[in-house]
Amino acid sequence: MFKVFRAFVTKEMYHILRDKRTLLILFGMPIAQILIFGYAVTNEFKDAYLDIYDQANDQMSKELVQHLQSSGHFKVNRMIQSEKELEDGFKAGTTKLAVVIPYGFSSELSNGNAVTVQLLADGSDPNNANTLVQYASTIINGFQQERLHQTDNPYQVEVEMRMLYNPQLASAHNFVPGTIALILLIISAMMTSLTIAKEKEIGTMEILLVSPLPPLLIILGKVTPYALLSFINAILILLIGYFIFDVPIKGNILVLLGVCFLYVVTALALGTLISTASKTQQDAMMRSLMGLMMPSMLLSGFIFPLSSMPKVLQVLGSIIPATYFIEILKGIMLRGVGAHLVIWEILILVGMTIFLLGMTFKNFKIRLE
Amino acid sequence: MPAILAKNISKNYGEIEALKDVSFQVNDGELFGLIGPDGAGKSTLFRVLTTLLLADKGTGEVVGHPIVSEYKEIRKKVGYMPGKFSLYQDLSVEENLRFFATIFGTTIEENYSLIKDIYIQIEPFRKRLAGNLSGGMKQKLALCCALIHKPKVLFLDEPTTGVDAVSRKEFWEMLQRLKEKGIAILVSTPYMDEAELCQRIALIQNGAILETNTPQNLKKSYGHPLYAVKSKDTYNLLKSLREAHYTRSVLPFGEFLHLSTNRPMEIEQIKNDLTRKGFPGIEVKKIEATVEDVFLELSETEALKTERP
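Heads up: the protein sequence lines correspond to chains E and B, in order.
For the first sequence, the numbering used here assigns the number 1 to the initial residue and increments by one for each residue that follows.
For the second sequence, the numbering used here assigns the number 1 to the initial residue and increments by one for each residue that follows.
Note that these hints are calculated values from the structure, not bench results.
Please note that the accuracy of each hint is not assured.
[Stated by the list, open to error] These stretches of chain E come out as covered by chain B in the derived footprint (C-beta under 8 Å, 3 or more residues):
1) 102-114
2) 361-368
[What the hints assert, rightly or not] Here are some chain B residues the structure puts well away from chain E; computed CB gaps all over 10 Å:
3) GLN25
4) ASN27
5) LEU52
6) GLU70
7) THR102
8) GLY105
9) ARG126
10) LYS181
11) GLN199
12) ASN217
13) GLY281
14) GLU300
Since the structure is predicted, the reported quantities are computational estimates derived from the model, not experimental observations.
A virtual CB, placed ideally from N, CA and C, is assigned to each residue, including glycine.
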């Protein structure tokens, strides 16, 4: 039996190594994806351009502009002279954020009166606008605090923020676990469902079925190479995260790998389940993309937080394995917790895996239809 | 114990009746041909007998095992070559053969004597990927893979479709040799000329078996005088013959027309009649019926039966 299994795995390795497209998906995609998430898709920004409409043009207003620039986040694009110029800038799309400092800024401020600084942002790109406005108002507040300290106002509430486990709010801390979840899903689930569907498509499944091979062995022989490869990929992503994007691994590495392995099994079960329902590779591809990739990307809390979604989507998100896997990964990698603190998520994942394996086994056909 | 036994097998795909009450038997060590056009139900019948599909009605046995309850036993003892070339195109000749030997729990070396005659022809290309082989070579490799575990029964679904004439001839010679080694073979083909190379044949059309017999007996059963007629203007000759009062049926066979008459006629009689109708250089000869003549005859009567029940 072991000889048969080995022959199967060897055959599968030949398929993988001889098909450049498969190789590219297996190793090109994980690396490309993590680099894209790492360098391009980020909520942080440096040197954003902003326009200043300084109506006051006095001592204090100049200091404020200076303060905004010295923060390292903003660079002044141009100084605007009129409201029309302001509007034109937004319409042309060259202005993303404008700061309007009112007349008599210095005098009002030194008299202890409230002064309003207006921030205008281009709301057609809401995420960007939000972030820009937030950064700018934090800096302006800081400026105000500094000035206030020079006066003798005894009543002050100061807010001090500290982001635990990710003090710089580096988005790498979020996307490395998310990318691992996605990549393992793509390789384990999509690739295995594709390779099983391929045997059906080219007709070799007929020959394999009319042979003494137990169906379970066919499946195991087909998924084992992909399980190994996805595991290698998980380690590759962890290494890239650790060395290039400084994502820490605070918890126990063995527990981490153990959970990765569990998730690989979950994904494999999903993949084989998909393959039992699809006759062609295209069919399998559509099912894995629509049924696995999209929800895992959008509803797992990887990109958008689950808690702010409508109830229906929250429920959908809670039946996606990736949701729990990402939660566990973040716990172990970033917060450095032991397995006992994420035991609930691990148990859910184990339960899902058992359920999926059962479904696969029940749906696996010993005949063609 | 017959190698294959099919009893009243019916199979529907939704509205379409793929097999209608099919019964036949293949004896031990027999080369049995299933002859019929595309879409006659040959592949479906093969899949039912190789345990890949469940029949809606009827029973069957292969090497003494019922096809539904003892499907596992059957899968160990038969060799199956599907209609479509179904080997791994990205594996070499040798890798394919080794893989199939292993999954059947044997080795190439162990059963080499059985495939030697065939394998020797593709051995020079053993490092070549199966996808780069010619049609004939592919079929030889597929046959080797189906044979490597010394099956008791061989199911070959249209093994010569899409294969050149020389390779077809070679392939049938190989089947004759395998038959001599005691392997029962069920082979399907749409080519009527190949029917003559089988010990017994079943003619199948629209999911029903028209007749089962030896090719010789089948041909003898054709009870009408038959002539081959040739002229330069085949099309108009066909039209003219259809209207002749002595014609039972006339059908084109290559460059000849096969004319079946409703009474015995002299060759000169036909020749004169056609020359008078303005066909120069007429050639007429009396011929024995071929399997195709029988098949067309039978399918015509079958069609008439279904039209007027």
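Each hint tested on the structure:
1. 102-114: violated (count 0)
2. 361-368: holds (count 3)
3. GLN25: holds (21 Å)
4. ASN27: holds (22 Å)
5. LEU52: Per Cβ check, B/LEU52 is inside 10 Å of chain E; nearest 5 Å; violated.
6. GLU70: B/GLU70 is indeed farther than 10 Å from all Cβ atoms of chain E, at 13 Å.
7. THR102: violated (4 Å)
8. GLY105: violated (7 Å)
9. ARG126: holds (15 Å)
10. LYS181: holds (21 Å)
11. GLN199: Holds, since 24 Å exceeds 10 Å.
12. ASN217: Answer for B/ASN217: holds, closest chain E Cβ roughly 32 Å.
13. GLY281: Holds, because the least Cβ-Cβ distance between B/GLY281 and chain E comes to about 50 Å, which exceeds 10 Å.
14. GLU300: The assertion about B/GLU300 holds, with a minimum of 34 Å to chain E.
Comparing the model with each numbered hint stated earlier shows that hints 1, 5, 7, 8 do not hold.
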